[in-house]
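Residue numbers for the sequence shown follow our numbering, beginning at 1 and rising by one.
The hints are simulated quantities; they were obtained by calculation from the structure and are not laboratory data. Keep in mind that a hint or two might mislead.
[Said to hold, decoys possible] Now the in silico label distances, taken between C-beta atoms and shown as ranges:
#, residue 1, residue 2, range
1, 79, 10, 30 to 38 Å
2, 8, 102, 18 to 26 Å
3, 23, 102, 20 to 28 Å
4, 48, 86, 44 to 52 Å
5, 8, 56, 22 to 30 Å
6, 88, 56, 40 to 48 Å
7, 82, 28, 42 to 50 Å
8, 46, 74, 40 to 48 Å
9, 50, 87, 36 to 44 Å
10, 44, 6, 19 to 27 Å
11, 19, 42, 14 to 22 Å
12, 55, 97, 18 to 26 Å
The C-beta atom is built at its ideal place from N, Cα and C for all residues, glycine as well.
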Amino acid sequence: MYAVITTGGKQYKVFPGEKIKVEKVSFNEGETVVFDVLLLKKDDETIEVGTPIVEGVSVIGKVLKHGKAKKILVFKKKRRKNYSKLIGHRQPFTEILIEDIKVN
1 MYAVITTGGK
11 QYKVFPGEKI
21 KVEKVSFNEG
31 ETVVFDVLLL
41 KKDDETIEVG
51 TPIVEGVSVI
61 GKVLKHGKAK
71 KILVFKKKRR
81 KNYSKLIGHR
91 QPFTEILIED
101 IKVN
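All chains should be modelled from the sequences, with the hints used to inform the complete structure.
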């Protein structure tokens, strides 16, 4: 069984027992997160595709930790103008353990 959820403007294919890294959510570590916006749910024999979302199904997860990804460097340069700029960026994320896919 798996589902496709959307959070933070991105879509994730999730399985029960899987750890995923999503855009930072405003829950504390150890709290339970419920994703109600499911685009697709597949169990052993059926596939439900939402129009636009699947009703009556939710994904339950637990927040494991918050963190920052590896640093990426952004370098800007304009030739012959004596302009160059180096910027570093670390994207914040939340690691979530998917516990269950519930059908209401």
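Under the constraints set out in the numbered hints, which ones does this structure not fulfil? Per hint list: zero violations.
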